[in-house]
Structure formats: structure tokens, C-alpha cells
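Put the two chains together into one complex; each comes in its own frame, and the hints tell you how they fit.
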Amino acid sequence: MKKTILFFAALLTLLFISSSLAQVNYSGWWQSNLYLWENPDDAQYYNFYQGLQFRLSPQNYSNLYLNTYFRVAYRDDLDEMQEKVHNLYLNWNLADNYRLRVGRQFIYQGVINGTMDAVSLSGRFAKNLQLQAVIGTEAPFTREFELVDWDNGNLLGAYASYRLPWSNSLEVSYFQKQRKSDSEEKSELYWQQLGSAFLGTIQQKVNYYFRMDYNLLTESYQTMRGRLSYLANRWTVSAEYNSQRPRIYEDSFFNIFVVNPYNQLRLAGNYRMQKYEFGLQLLQTVYDVHAYYVLFKDDNDLRLVGTFGHQKFGTLGLVLQNGYGGDNLGYFADIRYEFLPNITARLYNSYFNYERTSTNISEDALAFLVGLGYRYKKVLLLEGELQQSSNNLYKNDTRGLVKLTFLFGN
Amino acid sequence: MKNHLKIILLIIAGGVILFSLTANASKEKSELKFSHKKHVIENELDCASCHTMAESSESGKDNLMPNMESCGSCHDLEATDKCGICHSDTENPRNVPRVENFLPGFSHKLHFTAEVKCNDCHSRIEKKEVVEPYLLPAMEACQQCHSDKKVKPNSHGPNYQHTHGDDAKSKSNPITASQSCNLCHSQRFCQYCHEGDNLDRVTHPLNYAFTHSLDAGGKERECAVCHTERAFCIECHAQNFVMPHNHVLGWAIPDVGGTHVSEAQNDLESCMSCHEANAEISCQKSGCHIK
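Residue numbers (my numbering), protein chains in the order written: chain A, 1 to 410; chain B, 1 to 291.
Looking at chain B on its own, in the form it has when it is part of the complex (with noise of 0.2 angstroms):
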């Protein structure tokens, strides 16, 4: 068992020391040589006049970096003895490489019509004089301003609390990843409800110890998702003395037997459940099986 502690342990560490190293590793330099600080500030630019598509853009697949003719529009590109003012290897001048797979669900003029503004996603990007790849916003900045905003996808009314099985089921598919929840949402979230302690009965409404009997024959929820171990129930039964249903009137009655010698000899095991523990007690201390 120390061993496998020792193995968590390392691998975690491990994991640590790669964050430090992949930190600055993940930096890649670009063959552009860009300034936005230029352009947006000291020129007074707006983004739009770049990035012309951006505003009308409904989805994550657009391409909206600016192309050569952009650029065109306020330089002199036939003067070609002057493509070192972009690029700094003017034998093989590359355009900036294409983000591909970021969100295609996102829809940047939705967020124009909200009066997003540019550098509140995108932020101190106008003092940038370098290209970077990784100028994207990270989840981060879309949880936190969607969280102080309280700006929910449109599913998610005031009744998903009761609803939102279907969804997890369907969309946590690759084929519906712009919908996944795990878009806004990380496992522990899950975990936090359906496999929380209930110490403070936040999973559970209150009085849910009294009235759970209904659910679990009703079947409107599936207690086995959570509670797979039987520890977990017979713990309180056993303590309040609440017993299966066949436990009723006749079923032990003593030097007779009553139904449950048959029900024992049908399926010993389904007693053995309960009172494996407390056979000696509950079977033998009665005065019913001495040996």
C-alpha cells in the first residue's frame, strides 16, 4: 500500500515539475513581426479595421485573422523590398498560422450585440508588439465573466436543476462538443451533488431521510448511481430498526419459526446482508438457534 502512495506521489510531483517545464516551453516565436501596440494605440486603429469579419462572425470555424489585402489597404505591398517590415524572413514570408478547433460554437457578434467589447475577452492585446500564438482568450476569462454576469446558456433555466440529466447524457458526445457541459463545467462540479456527503443535506431536499423509500421504489432516480455500496444504507436502517417489507407480523415467531425459515432456506444470502455482522446476536442471543 506505501508503495502505491509513493507511486501517487510521484507521479503528481512529476506532473508539477512538468507545469514548470512546459510553462515557458509552449512559447513558440512567429515568423511575423506584428505590433498591435503599434496599430491599436500609437495609430489609434480600431480592431474592426483588421479583423473586418469579426463583428458579423457567428462562429468559432471563421477565419477572421486579416489577410495580405487587409494589410494592403493602408500599406504599400508592391513595394516589395519592404516585406521586412512584417516578416521577418523575407525569403519564405508565412501568414499566421490558422486557429483551428477553438470553440466553434462561439459567436463573436453575439457578444458584440451584448456590447462586449473587444479587450474584455482579448485583453491588453492592444500593447502587444509581438505575435504570440496563444493570443486567445483562455476558459478561464469566459467562466469568470460568465459567472459575474450571471449569463447562463439559454437551457439552463430555472427548472434545470430537474431537467438537466437529458442533457448531460446526450451532449457530454464528441458530435455535440460546442454544447458539452464540460465547455463551462469540469467533473468536480458534477462530483460536488452526486457524489457529495450530503452532510449538510444540500444534495438532498430535507426530510429526503424520510420520504427517499419512494423515490427508490418509484424509481425517478437511481440511487445505485451514487450509492453503490450497502455500508451506506445499512448503516441508518440498522440504527432506526427499518427493515425490508417481508419483515413483517409472522415473520419470526419463536419455537415456531414463522416466514422467514423459508425465506433463509430459499436465500440465506439475502439475510446474510444484514446480519452477517450480528448473526450470533440476532439469530442465536434470541433464544431461537442455540447450538
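Just chain A, same shape as in the assembly (with noise of 0.2 angstroms):
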């Protein structure tokens, strides 16, 4: 843990010993955050931690660059601290073409790969051709500044994107992952998937995307999904279909509970008139259940959201559903309004009252949140938050959160 303390403070000092000599461009926030509450036993908790996430790139050169994401936190116990560093790569773009990255990474294309530490090398070797290879270990769950062996978990993978006529795109991916558990001697594949993709956009307000992604060890597929979406000056609307097999990892929360196979409709549409904005959201997702698993009434589920917002005050937003889960029936209100010069209020407020198919016990969730924020110049932004819930575990619980942000850059 000091070992970490102290790279990064050496880090920071670097980066401003650097900056005034040898032309560096830097940005970035510091991050401090108290978050008190008392649990209905009258013990009292806190969190404290502190963010830290900056960039760093030469004048004059921003194709090299670090980045940086990293939280240290404080839970109940000042002497205990939990270090957690999201990324920290340094980025070059060769040339116009070319770009290398390496150290601990999100790893994305089409799928999800988590979060790595590796290198990875993309280029435009063709006027129309793009690939990306990426090798590396997974970075520990507990986002921990140390390496994970080789064996314990690693990552291969390949991505190449051809660019076809009339503003169309092939994709093809191949990831593969590694890990040795207890009883191993040696890692063996525990992932291994490619993927394909179509897309593309017509005149910029049609866009499509089909994927679908094989899994070659279950020899099945993992992933079908199809999108398609217009987006006009004040519309937009989406209609997308996606069938999925859960990815179960080997130390999934899978394991845990049963989940099935689902195939999904959305439906979706926004309008936005001078200032206002209105949306209307339906998810139909039909389950593929086994008999032996049906522990569920339905093998659907319905969910519809509306939501209306302003673009000074906030949103508004009411939430039906019922099928598989359960039944839900709620609104949520999110209301932001800078009442004074760089002084803002925040007043979110929620109610659901839900009942869950396994239970058939009605349940009450309300939630209140007062705040008030204060932004001093561009360097300094400090918030207050008094939150209140209540719910089927708590009849209130109340909180009280302090954020002070620092904003620093050249």
C-alpha cells in the first residue's frame, strides 16, 4: 500500500517538476469524500476516500499521453486503506495510424473484456483496414496496483474492422482468456470467443448494428443482437432485438443464482422540443426457461419507463413493470437548478413500491436526497448531500455526503 502512496506522490511531483521544465500539458482532479451514516443499530459508519485522475502529454505532442485513474478508500478504519487503480496507461498514437498502449487498460470491442493489464497495439495498416492486438493479464478484481501471474489469468486477442462502401463497417474479434484454478497444474481456457459485427450509418441518421458473438468452447452462440436507430433534429428512435446466453465466468455470481437465456426487444423514443425532452422506453424480454427451473410465475418481463426532463431543471421519470422479477410500479424525480451564480441545488426524490415474484410480499422503497453544490472559479467544486431512504430493511436511513473537488491543468 505505501508502496503505491508513494509512486503516485512521486508521480505528482514529477508531474510538476516536468511541467515547468520540459513543456508538459496536464489535467486532471483531485478528489475528497466524506460519507457519514448511522444504521438503525446506532453504530456509526463513514467512508473517506480520495480520486485522483489526471493527464499528462508533452506541448505541442498529444499524441503521447498518461492516464490515470486511481481511488484510495478509507472504510470504518483510518489504518486501513483500500487502493484501487481503475487505469494507468501510457497512450502514443504513432504517426497518424498507429496506437500504443500499454498498462492497466479497459479492454472493449463489441464485448466486454474487463479491465486489463496489457499492451495493445491498433493500426490502419490499410487505406480501409484496422486491427488491434492486445496481450496481457487480467488486472486483480480488487483493482489492486499489482500484476496478476500469467497463470492466474491472462488475455489474447485480435480485432480487425474493415471499412466497407457507403459508410459500412465489417467487424471480427477474437478473445480468449486463461486462468489455473486450485486443482490445476496448468491454466486453461476458460473464454474463448469471436465475434462478428455489421454496421454502419446512412446519410448520418440511420444507424445499424448487428453482432453476434460464438462461443468456441460451448460451441454455441453467446450473443445475437441487431440495432437500428434514426436520429432526427428532435426525434430519435431505436428498435433493437438481442438474444443472449448469460456469460458465466468461472467465478461468476452466476454460480449463485439460476439465470436463463433471454431473448429482448426494445423499443425506444426520444423527443425534444426547445428545452423539454420526452422518452419513452419498452423492454419486452422473453426467457428461455427450462421446466426444471421455473421458479418464476411468468417467462416474461415488461418493463416501461417514461421519462420527462428539462434541460435547466432535471428529470422526471415513471417506471412500470411486471413479469419474471417481479412487479414494480415507481416514479423518480432528479431535479438540478443553479439558483445563484455557480451555486446549484439538487433535490432527487423516489418512491417504488415493488413485490417480488418469490416473495409475494408488497414492499415500499422511498428515497430523498436534499444538496447543494458550489463551484469557485474552474478549480474548486464542493458539494453537500443530506440523503434519507426508507425500505423494507430500514425505516430510515440517514446520510450525509461532503465532496470536495479540486480541478487542476495547465
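Source of the hints: derived by calculation from the structure; they are not laboratory data. Every residue gets a Cβ at the ideal spot worked out from N, C-alpha and C, and that includes glycine. A couple of the hints might just be wrong.
Distance ranges between label pairs, derived from CB positions [as the list claims (entries may be wrong)]:
(1) B/Asn198 x A/Ile343: 20 to 28 angstroms
(2) A/Arg336 x B/His75: 51 to 59 angstroms
(3) B/His156 x A/Asn97: 26 to 34 angstroms
(4) A/Leu129 x B/Ser59: 19 to 27 angstroms
Dropping the structure here:
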């Protein structure tokens, strides 16, 4: 732990020294949060955590930069820190067409592969062909600043995108993960997926995206997804079909609960009228339920979400859900308003009445939040919140949050 | 492990040294001897006098550099012996290198309409006495201005928090790079919510700990996108005795067995996913499975 703190302290020092000596651009923020609450057992708890993120690049050469996002948390014990390095990588855009990235980074190419301590190289090797290759180890799930041994979790992957005529594109990807379990001597494949996608756009208004991922280990498809959306000046309409088998990791919590494959249809629309915005989303999920595992009353779930927003004041929403997981009816309001220059008030209120299919007990969940934020010039942001909620476990759960953000950069 | 850390430290230290080296190495000299200061400050010329197309340009692909004819509207180009006024290499005079791939979606016209002045973005260019590459505004300048003036893309309406997923998936593709999220947002911006700790309940709404099972069942959100490890769930579920749905009445009956017997025979690994660490307590010390 001390090692990590010392490392980041040294890095920051280096940052400020190098900025004065070697024409370096830097920007980022430093945030301190104190979160306090008292449980019904009258015990008091707190979280204190600090986050640091910055990007550092040479002046006049923004192709090279160092990026990081780092957090330290103290939970009810100032002597026990929990560190998390979410990303820390060096990015170098070599010439115009190639990019080299070394360090802790998030790997996403159609399917999320998680955060990796990896080396990735991507480049446009021909006019219409872009390739990317990744090799590395899995980041510890606690996001500690240390590397996992190669045999305890590694990733190899490649991705290719070929640009077709009329703004179309074809993608192919291959990713595999290996890991050694306690009973094995050597690491073995537990994730091997081949993916392909076809996507494009028509006159920047119609977007389409079709994707299929095939699991080579189970020899069955993992995901099939199709989406069509239309973007007009005021309208946005999209329709999406998604058929997915659970991505069961060796260490996934899906091992705890029964999770079925499902087919999902989502229809969503948004309409903007000056400063107002209306949204409606319909989500129908049909589960591929094996008779042995029928634990719920139905094999499909319907969810309807309606929202109304104002550019200046915030959003109001209504949620209606019925089916597989349970019944749910509720609303939420998230209001933000700058009533004085640099001073913003926040008000959040939600009420949900829900009934899980498994219990058949109607439960209420009510939440209320009031907060103030003050911004001093471009460098300091002070926020305070008082949160209160009641639910089936706690009749009154009250919490206080103080957040101080320091923005820096040259 | 220590060796791995050393490697990381070496890489990062190397990167910082590389910054210092490249900071100065990247400056190149241009063959042209053009002074913005002489034209804009001393002769009080507007930017549009030379960059005639700038105010009406709607694409970053447009060539907005003045050509020789623009210069010729003021200077006597016929006098060949005066080439040296602008060109340091009169034997082989060259034009300013064309700027390419710099924000294809950028509209000068839109910014002029919004009364943004040239030097709001091209700051201090009027004082430059030499032609240097990289007189273009840095991304930070765009972000600063758009952040200060709260100018967001049309798509970023009040409901965008609920709808941004579609854009994030489709616009990350190179074919729509001009609309890409990472034009303004770096990866850390996504990770703040999508891989944050939620220690202050910012990522999920208040009460989410008590209502998340409906989302998990209803599949509006894919929990596994962020929470891939069982340790994340087990800690809380074990503390609050929140158990799988099949752990109902009749699940475990002392001296008889109950429904858990057949479940365990069918899929013991499923039991192990929770009970691996406390199997001795839950199975043996309860008085049922005594060795």
C-alpha cells in the first residue's frame, strides 16, 4: 500500500516538475469524499476516500499521454486503506495511423473483456483496414496496484475492422482468456469467443448494428444483437433485438443464482422540443426457461419507462414493470437548478412499490436527497448532500455526504 | 510480483522521459516566413481577409489556408525578386502543409453564428511572428469552453443518462468517429460510473440495494458488465442472509434432508459457489453432515 501511495506521490511531483521544465500539459482532478451514516443499530459508519485522475502529455505533442484514475478508500478504519487503480496507461499515437497503449486499461470491442494489465497495438494497416492486438493479464478484481501472474489469468485477443463502401463496416474479433484454478497445474481456457459485426450509417441519420458472438468452448452462440436507430433533429427512435446466453465466468456470481438465456426486444423513442425532452422505453424480455428451473410465475418480463426532462431543471420518470422478476411501480425525480451564480441545488426523490415474485410481499422503497453544490471559479467544487431512505429493511436510513473536488491543469 | 512492478515503474518513468524529449523534438520549422503579428496587429487586417472561406465553412475537411491569390490581393506577386519576403527557400518555394484529419465534423460557421471569435480558439495567434505547425487549438481548449458555457451536443438532452448506451455502442466505431464519445470524453469518464465503487451511491440510485433484484431479473441492465466477480455479491448477501430463491421452506430438513439433497447431487458446484468457505459450519456443525 505504502508503495502505491509513494509511487503516486512521486508521479505527481514529477508531473509538476516536468511541467515547468519540459513543457508538459496536464489536466485532471483530485477529489475527497466523506460519507457518514448511522444504522438502525445506532452504530456510526463512515467512508472516506480520495480519487485522483490526470492526463499528462507533452506540449505540442498530444499524441503521447499518460492517463490514470486512482482511488483510495478508508471504510470505518483510518488505518486500513483500500486502493484501486482503475486505469494507468501510457498511450502513444504513432504517426497518424498507429496507437500503442501500455498499462492498465479497459478492453472493449463489442463485448466487454474487462480491465487488463496489457499491451495493445492498433493501427490502420491499409486504407480501409484497422487491426488491433491485445496481450496481457487480468487486473486483480480488487484493482490493487499489482500484477496477476500469467497463469492466474491472461488474455489474448485481436480485432479487425474493414471499411466497406457507403459508410458500412465489417468487424471480426477473437478473444480468449486462460486461468488456472486451484486444482489445476496449468492454466486452461475458460473464455474463447469469436465475434463479428456489421454496422453502418445512412446520411448520419440512420444507424444500424448487427452483431453475433460465438462461444468456441461451448460451440454455441453467445449473443445475437440487432439495432436500428433513426436520429432526426428532434426525434430519436431505436429498436433493438437482443438474444443472449449468460456469460458464465468461472468466478461469476451467476453461479449463485439461476440465470436463463433470454431474448429481448427494446423500443425507445425520444422527442426534444426546445428545452423539453420526452422519452419512452418499452422492454420486453422473454426467457428460455427450463421446466426444472421454473421459480417464477412467468417466463417474460415487461418494463415501461417514461421520462420527462427539462434542460435546466432535470428529469422526472415513471417506471412500470411486470413479469419475471416481480411487479414494480414507481417514479423518480432528479432536479438540479442553478439558483444563484455558481450555486446549484439538487433534489432527488423516488418512490417504488415492488413485489418480488418469489415472496409475494408488497414492499415500499422511498428515497429523498437534498444537496447544494458550489463552484469556485474553475478550480474548486464543493458539494454537500443529505440522503434519506426507507425500505423493507430500514425504516429510516439517513446519510451525509461532503465532496470536495479540485480541478487542476495548465 | 516485485519484478512486474519494477517493469511498470520503468515503463512509466520511460514515458515521462519520452515526454520531455518529444516536447521539444516535435517542433518543426516551416519554409514560410509569415508573421501573423505584422498582418493582424500592425496592419489591422481581419482574419477573414486571408482566410476567406472560414466563416462559411461547415466541415473540418475544408482547406481554409490562404493561397497565393489571397496574398496577391495585397502583395505584388509579379515582382519575382520579392519571393524572399515570404519564402526562405526561394529556389524551391512551398506552400504551408495542408492540415488533414483535424476534426472533420467541426463547423466554423456554427461557431461564428454563436459569436465565438477566432482567437477564442486560436488563442494568441495574432502575436505569432513565425509560421509553426500546431497553431491549431488543443482539445483541452474546446473542452474548457464547452464545459464553461455548458454547450453540449444536441443528443445530450436531460434524458441522456438513460439513453447514452446506444450512442456509446454505435459511435465508438471509426466510421462515425466525428460523433464519437471519445471526441470529448476519455475512458476514465466512463469508468467513473461504470467501474466506480459506488461508495456514496452516486452510480446507482438510493435504495438500489433493495430493488436491484428486479433489474437483475428484468435484465434492463447487465449487472455483469461491471460486477463480474462473485465476491462482490457474496459479501453482502451472506451478511444479510439473502439467499437464492430455491432456499425456501423444505430446503433443508434435519434428519430428513429436504429438496437441497437432490439439488446438491445434481450440481454440487452451485452449492460450492457460496458454501465453499463455510461448508464446515453450514454442513457439519449444524448437526447434519457429521463425519
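For each hint, the structure was consulted:
1. B/Asn198 x A/Ile343: 20 to 28 angstroms: The hinted range 20 to 28 angstroms holds for B/Asn198 and A/Ile343, with Cβ atoms some 26 angstroms apart.
2. A/Arg336 x B/His75: 51 to 59 angstroms: For A/Arg336 and B/His75 the Cβ distance comes to about 56 angstroms; the hint holds.
3. B/His156 x A/Asn97: 26 to 34 angstroms: holds, 30 angstroms
4. A/Leu129 x B/Ser59: 19 to 27 angstroms: holds, 25 angstroms
Consistency with the previously given hints is maintained throughout, with no hint failing.
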